[in-house]
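S.K.: The primary structure of each chain is shown beneath.
2 protein chains.
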Amino acid sequence: MSEAITITDIHAAAGRLKGAARVTPLLEADTLNDLAGRRILIKAECLQRTGSFKFRGGWSAISSLTKDALSKGVIAFSSGNHAQGVALAAKLHGAPAVIVMPSDAPAMKIANTRGYGAEVVLYDRWGESREEIGAKLAAERGLTLIKPFDEPMVMAGQGTCGLEIAAQAAEADVSEADVIICAGGGGLLSGIALAIEAEAPGLRPRPAEPKGFDDTARSLISGQREQITGNEKSICDAIVSPMPGALTFPVNKRLCGPGLVVTDDEARRAMAAAWKHLKIVAEPGGAVALAAILFHHDTIEGDAVIGTVSGGNADPEMFASAINEFGDSI
Amino acid sequence: MSEAITITDIHAAAGRLKGAARVTPLLEADTLNDLAGRRILIKAECLQRTGSFKFRGGWSAISSLTKDALSKGVIAFSSGNHAQGVALAAKLHGAPAVIVMPSDAPAMKIANTRGYGAEVVLYDRWGESREEIGAKLAAERGLTLIKPFDEPMVMAGQGTCGLEIAAQAAEADVSEADVIICAGGGGLLSGIALAIEAEAPGLRPRPAEPKGFDDTARSLISGQREQITGNEKSICDAIVSPMPGALTFPVNKRLCGPGLVVTDDEARRAMAAAWKHLKIVAEPGGAVALAAILFHHDTIEGDAVIGTVSGGNADPEMFASAINEFGDSI
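So the protein lines, in turn, are chains A and B. Just so you know, we're using numbering that gives the first Met the number 0 here: the first sequence kicks off at 0 and counts up by one. Just so you know, we're using numbering that gives the first Met the number 0 here: the second sequence kicks off at 0 and counts up by one.
Bound-form chain A, shown alone (with noise of 0.2 Å):
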């Protein structure tokens, strides 16, 4: 079976994202550096609009509708980021959108989608289904549904932070490399990786996964899609999704390193590292992968190593807890 999306898609995407989403930098830190003993090249996609690449994703998905689907509007399941890349694509072009929001999400998220101009519909994430609600809200208005990963247009909107990473990399005369992705659902992860396998291929995409959320690891361990059981937690809200999606599992599959997996106080460390360091925001999800390369280190090779800071949109009180708890030592 051919897989969702080409990298000619991740082109296209790219050349209906220039102008509006941002180049964001590939940022590095003399003393991040010295600290880690290798280079470390981190793709700062908190920079993005919204504050995560699901801009990306977002206005690719959006940007590839009708003028009929515009005009009658979007509608979004998310526990934020995605939330917010939508919204603003959608306010951008002009369309109506909806994003269900479960009642927990940081609260700065809820806010700034509803920020963007969307219409916020709030679910109790433990007890209602999304799923019913979204497919009431979408029948009634003619809606159509962006979903946040399993697309094959918000693919390919992800990817052209691939297509960055590649040049950017060359740039800093990195040719050989593991780039390590936070991955939730894996649309960032496929994208990526379709983007450098064309352009960029001695890097190696790898994902990133908080600890009772390492759906992805699993399942490149196993060769199919496993499913998350039991009640973990975790404060990376951005990527607790359960399982690879049925689009981007087989692209990671074919193109992925082992995954790598980080606890909750690893990624509050990197948070604070980014901080100390790079002089950049990351939420905890967005900062599971410089978690990884900074505590699991032992399996990645060479002297030097991307990752991705993917999203920074984090809560006041949870970022100072971070910095004070490690912003001297790290």
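Because the hints were derived from the structure by calculation, they are not lab data. Glycine included, each C-beta is placed from N, C-alpha and C at the ideal position. Keep in mind that a hint or two might mislead.
[Claimed, not checked] Okay, derived cross-link-like pairs now, SDA-like style, lysine to any residue, Cα gap no bigger than 20 Å in a straight line:
(1) A:K90 x B:G36
(2) B:K17 x A:E27
(3) B:K17 x A:K17
(4) B:K17 x A:Q167
(5) A:K90 x B:R38
(6) A:K17 x B:Q167
(7) B:K90 x A:R37
(8) A:K146 x A:V239
(9) A:K90 x B:D33
(10) A:K90 x B:R37
(11) B:K90 x A:K17
(12) A:K90 x B:L34
[What the hints assert, rightly or not] Here's a subset of chain A near chain B, in silico, CB distances under 7 Å, partners left out:
(13) P24
(14) T30
(15) C45
(16) G114
(17) W274
(18) K278
(19) G311
(20) A319
(21) I322
(22) G326
Starting from the structure of chain A, add chain B where the hints point.
M.R.: What follows is chain B alone, placed relative to chain A:
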């Protein structure tokens, strides 16, 4: 009398800095623009190597030295950002560096300066003369003094930031705007002023300073270099210089619009705003331009305004307290 440098010196510095310094991004956040009712474009020099623009000036000066001078080494006085910039630039040139720092400088700045391989000599800011300590060491060892701002090659290095602002503003479709620049001795201000005079004449440089250290604002009013008297204190340690430079002020007098002055609490609120909306880390002195843009906007005209976040080397407790206090409300 002719000015200390011209645009030619800035272009020459840019040539020396190529591949060594980072081209920092000009960032913009939709949420911050909405809050302010105009576009706010922030030159994120906190993302520069060593966490502040000072690396530009340090590299520019040190890369101009003779081999003999390099082998003897350099010396600098600094509370921290110039210290780090000079220390890393010296290390990368293989030159020894001695940095004379006040013993009450932020701990992170002292630690980083040592981390870049410099010999740090601490002195008591209120009881000892750093000039005497420095002159003695320089004479004994034949060290070249790298002044923090009143030095042509340093001014030219800081000016490279202005070349980038000119190009990036044009790319962002901004041709007329105030450019608010954090000002201590006026090195960054004068460099940017000369660069945009030549390359983006519709942009107008204006200094931002902390209350009690508004020597540049006062000097621009009186037309001569005014010295701060009295015993004011400020958390903006990077820019508490008492008097504009002899070389920087003639440039700033000719080119700058009126100065803006902010309180320490406004700087802390701006740190929280940079954290929340732009996802970057600003130290207090690096946040005064954004503070002026956000809280003294009545004196700024136009649909767009540009500002520098000139450094991000904040201590954790100070930073955490700012975002805990203002992160939800800003």
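S.K.: All the hints need checking, so say for each whether the structure fits it.
M.R.: These are the hints, each one checked on the structure:
1. Pair hint K90 (chain A) plus G36 (chain B) holds up; C-alpha atoms about 17 Å apart against a cutoff of 20 Å.
2. Only pairs whose Cα atoms come within 20 Å are accepted, and K17 (chain B) paired with E27 (chain A) is accepted, the gap being roughly 16 Å.
3. For the suggested pair K17 (chain B) and K17 (chain A), the alpha carbons sit about 26 Å apart, so the restraint of at most 20 Å is broken.
4. About 15 Å separates the Cα atoms of K17 (chain B) and Q167 (chain A), which keeps this hinted pair within 20 Å; it holds.
5. Between K90 (chain A) and R38 (chain B) the alpha-carbon distance is near 17 Å, which keeps this suggested pair within the 20 Å criterion.
6. For a cut-off of 20 Å, the pair hint linking K17 (chain A) to Q167 (chain B) stands: about 15 Å separates their Cα positions.
7. Restraint check: the Cα-Cα separation between K90 (chain B) and R37 (chain A) comes to about 18 Å, which is no more than 20 Å; the hinted pair holds.
8. With a CA separation close to 15 Å, the supplied pair K146 (chain A) and V239 (chain A) stays within the 20 Å bound.
9. Taken as a hint, the K90 (chain A) and D33 (chain B) pair is honoured in the structure, with Cα atoms around 13 Å apart against an allowance of 20 Å.
10. At roughly 18 Å between alpha-carbon atoms, K90 (chain A) and R37 (chain B) fall within 20 Å of each other, so this suggested pair holds.
11. For the given pair, K90 (chain B) sits about 39 Å from K17 (chain A) by alpha-carbon distance, which is inconsistent with the 20 Å threshold.
12. Between K90 (chain A) and L34 (chain B) the alpha-carbon distance is near 17 Å, which keeps this suggested pair within the 20 Å criterion.
13. Satisfaction of the interface hint for P24 (chain A) is found here, the shortest Cβ-Cβ separation to chain B being roughly 6 Å, below the 7 Å cut-off.
14. Satisfaction of the interface hint for T30 (chain A) is found here, the shortest Cβ-Cβ separation to chain B being roughly 6 Å, below the 7 Å cut-off.
15. With a cut of 7 Å, the hint placing C45 (chain A) at the interface with chain B holds, because the nearest CB-to-CB distance is about 4 Å.
16. Contact between G114 (chain A) and chain B, as hinted, is supported at the beta carbon level, the nearest pair being about 6 Å apart and thus within 7 Å.
17. Taking 7 Å as the C-beta contact cut-off toward chain B, the hint placing W274 (chain A) at the interface holds, the least distance being around 6 Å.
18. For K278 (chain A), the interface hint holds, the least distance from its beta-carbon to any beta-carbon of chain B being 4 Å, beneath 7 Å.
19. The interface hint given for G311 (chain A) is met, as the beta carbon of that residue sits about 4 Å from the closest beta carbon of chain B, less than 7 Å.
20. Contact between A319 (chain A) and chain B, as hinted, is supported at the beta carbon level, the nearest pair being about 4 Å apart and thus within 7 Å.
21. Nearest Cβ of chain B to the Cβ of I322 (chain A): about 5 Å, under the 7 Å cut. The hint holds.
22. Restraint check, G326 (chain A) versus chain B: the minimum CB separation of about 3 Å is within 7 Å; hint holds.
When each numbered hint is compared with the structure, violations occur for hints 3 and 11.
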